[in-house]
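Protein chains in written order, with the numbering used here: chain A, 1 to 231; chain B, 1 to 313.
By construction, these hints were calculated from the structure, which means they are not laboratory data. The beta carbon of each residue, even a glycine, is placed where N, CA and C say it ideally should be. The reader is advised that the hints may include incorrect statements.
Output of the computed footprint for chain A on chain B, the stretches with three or more beta carbons under 8 angstroms from beta carbons of chain A [to be verified]:
id	segment
1	50 to 61
2	69 to 79
3	271 to 283
What follows is a set of in silico ranges between Cβ atoms, one per label pair, in the way DEER data are often shown [what the hints assert, rightly or not]:
id	chain 1	residue 1	chain 2	residue 2	range
4	B	G26	A	D207	32 to 38 angstroms
5	B	R21	A	A130	52 to 58 angstroms
6	A	T2	B	R59	22 to 28 angstroms
7	B	N291	A	S186	54 to 60 angstroms
8	A	D207	B	D111	56 to 62 angstroms
9	B	S94	A	V183	23 to 29 angstroms
10	B	G19	A	F201	27 to 33 angstroms
11	B	S94	A	S38	32 to 38 angstroms
12	A	V193	B	H192	34 to 40 angstroms
13	A	V183	B	R59	15 to 21 angstroms
14	A	T2	B	G117	23 to 29 angstroms
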Amino acid sequence: MTTIVRAELLRLLRRRTIVILGLASLAFAVVATLTVFSSAQASSGAPSRRSRASLDALARHGGGTQAFAIGASFVGFFVFVVFIALLASEFSAGTFRALLLRDPHRLRVIVGKLVGILVVAAAALAFAEAASFVISLVLAPSRDIATGPWFSLAGLGAGLRDYGTVLAGVTGWAIFGTTLAVVFRSVPLALGVGFAWAGPFENIVVDSWSGGYRYFPGQVLTSLIRGGPRS
Amino acid sequence: MGAMTTPALSVAGLTKRYGARTAVDGLDIEVPARVVAGFVGPNGAGKTTTMAMLLGLVRPTAGTGTVLGHPISHPAAYLGRVGALIESPAFYPSLSGAENLRVFATVGRHDPSTIPGLFDQVGLGERGDDRYRSYSLGMKQRLGIAAALLGDPDLLILDEPSNGLDPQGVREMRALISALASTGRTVLVSSHDLSELEQVCDWLVLIDTGRSLYQGPTRQLLDSVTAGLAVVPERLGDRPVLRDLLMAAGHRVQVDDDRLVVDVAGADLVALAASINRAAFAAGLVLVELNPLRTTLEDRYLSMVGSGNGVAR
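Construct the entire structure; sequences and hints are all you get.
If you want it as structure tokens, here you go:
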């Protein structure tokens with residue numbers, strides 16, 4: 001499988017892709033951090049990725065990556081769409097078949113491609129988190145937030161925990177998207193079904209059956225990436 | 001390269017059904033090593049499905065087969081020695097030709113240092129760094145051939161490699177296939193351009209509705225039927241006289257434009273031609289043409305699939 005992963009990285013890690021991905025990650029970090037810091041309220045409360053950050057929460061040890069964690073809670077569906085598009089296009093364009101001419105193990109090729117793209121996504125997330133941390137450092141004085149706790153061991157742990165949570169959520173969405181891409185093998189069809197399922201269908205069902213939060217992939221992954229189910 | 005005695009590929013009773021439709025129906029074929037084998041059949045005959053089964057892309061419903069001595073149920077055992085272009089070339093549009101080949105070389109564990117040489121071999125020369133999406137159809141086909149050549153395979157399976165090419169491109173593709181064959185590898189190539197196959201292939205496999213109609217040397221198929229002996233007198237006005245002369249000698253004669261076509265009906269061609277020439281000379285007629293009409297592959301193909309009369313010009 002390593003050859004498939006290497007080939008996928010070879011395909012993705014080109015200067016143009018890296019620049020675009022870097023700029024997108026930076027833009028995400030800027031927008032997320034600016035939004036969180038500008039909307040942070042003085043009122044205290046339990047820190048959560050589900051709600052607006054409080055100034056109190058930003059001043060805690062996890063404050064440096066709080067903006068990243070809150071912002072990333074909205075990227076799940078984007079990741080879902082990207083993975084559907086990337087994988088389903090391999091089927092419709094025939095490149096998946098061309099790969100099978102060199103490695104006939106379908107599952108290995110699919111998993112290898114998934115892992116390869118996830119490696120790039122993980123790097124982009126790491127860059128976005130680091131960028132968000134730096135931007136948070138720049139913005140902190142403007143909101144009278146002390147940044148000392150951010151550099152503690154607990155701060156490092158919080159940062160790693162935020163990164164792990166987001167990466168786990170992204171991985172889940174990626175697997176969900178890849179599954180739809182493999183099943184439908186067509187970008188428009190897989191996207192249509194994905195939108196319909198993870199969008200209206202799950203939410204409509206969950207509105208009348210609260211237990212759906214625990215079973216529907218879109219609900220579970222949204223809860224995971226946000227750090228808990230919506231209230 | 002594989003041993004001479006082992007066929008490059010063989011299948012027995014190969015069958016593929018899609019629901020009620022049978023795409024390949026108990027196909028038995030064998031292609032010797034180191035030949036250029038043409039794979040001929042009408043649309044829907046099962047050529048691409050057969051090739052896909054040989055390459056492990058499609059699982060047979062029934063039947064067995066080997067490729068380079070390995071069973072087709074284990075394509076991983078032989079795919080490293082097989083290069084293929086199935087249907088249309090499939091590459092990543094945003095990558096250059098060379099980047100695409102590097103990706104596929106990585107997956108196949110092939111040496112990427114051979115890529116520049118492959119570009120030269122298929123005539124893409126300096127275009128390797130151009131994006132695939134900017135390639136013409138002919139260039140895409142060439143890149144497909146280059147990808148198939150990664151790893152210097154013993155067997156090449158090419159499905160319609162000339163598809164969509166202009167006449168110049170077809171000629172160049174034909175030359176390329178001939179050049180590839182001259183290196184001692186086996187080539188299985190399907191094409192609708194029968195004149196192209198006739199020129200390139202020394203072995204033919206004809207199929208229709210998923211079944212084998214013929215397999216064997218190309219010459220054997222074409223020599224098995226001679227459509228007639230064309231006889232043309234020097235003066236057009238002598239044609240009725242010549243016709244009467246030939247008919248009086250017991251030959252069946254047809255008038256075909258400005259020539260007479262004598263039915264050979266299994267006769268010794270050389271003896272027949274000599275006797276006609278002698279009779280004409282004795283009657284004071286000068287012949288400017290005395291020529292056996294060979295059946296072309298297209299004629300044989302059409303006659304075998306039931307759409308032609310098998311007579312050539």
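Hints, one by one, checked against the model:
{"no.": "1", "hint": "50 to 61", "result": "holds (count 3)"}
{"no.": "2", "hint": "69 to 79", "result": "holds (count 3)"}
{"no.": "3", "hint": "271 to 283", "result": "violated (count 0)"}
{"no.": "4", "hint": "G26(B) <-> D207(A): 32 to 38 angstroms", "result": "violated, 57 angstroms"}
{"no.": "5", "hint": "R21(B) <-> A130(A): 52 to 58 angstroms", "result": "holds, 57 angstroms"}
{"no.": "6", "hint": "T2(A) <-> R59(B): 22 to 28 angstroms", "result": "holds, 26 angstroms"}
{"no.": "7", "hint": "N291(B) <-> S186(A): 54 to 60 angstroms", "result": "holds, 56 angstroms"}
{"no.": "8", "hint": "D207(A) <-> D111(B): 56 to 62 angstroms", "result": "holds, 58 angstroms"}
{"no.": "9", "hint": "S94(B) <-> V183(A): 23 to 29 angstroms", "result": "holds, 25 angstroms"}
{"no.": "10", "hint": "G19(B) <-> F201(A): 27 to 33 angstroms", "result": "holds, 30 angstroms"}
{"no.": "11", "hint": "S94(B) <-> S38(A): 32 to 38 angstroms", "result": "holds, 37 angstroms"}
{"no.": "12", "hint": "V193(A) <-> H192(B): 34 to 40 angstroms", "result": "holds, 37 angstroms"}
{"no.": "13", "hint": "V183(A) <-> R59(B): 15 to 21 angstroms", "result": "holds, 18 angstroms"}
{"no.": "14", "hint": "T2(A) <-> G117(B): 23 to 29 angstroms", "result": "holds, 26 angstroms"}
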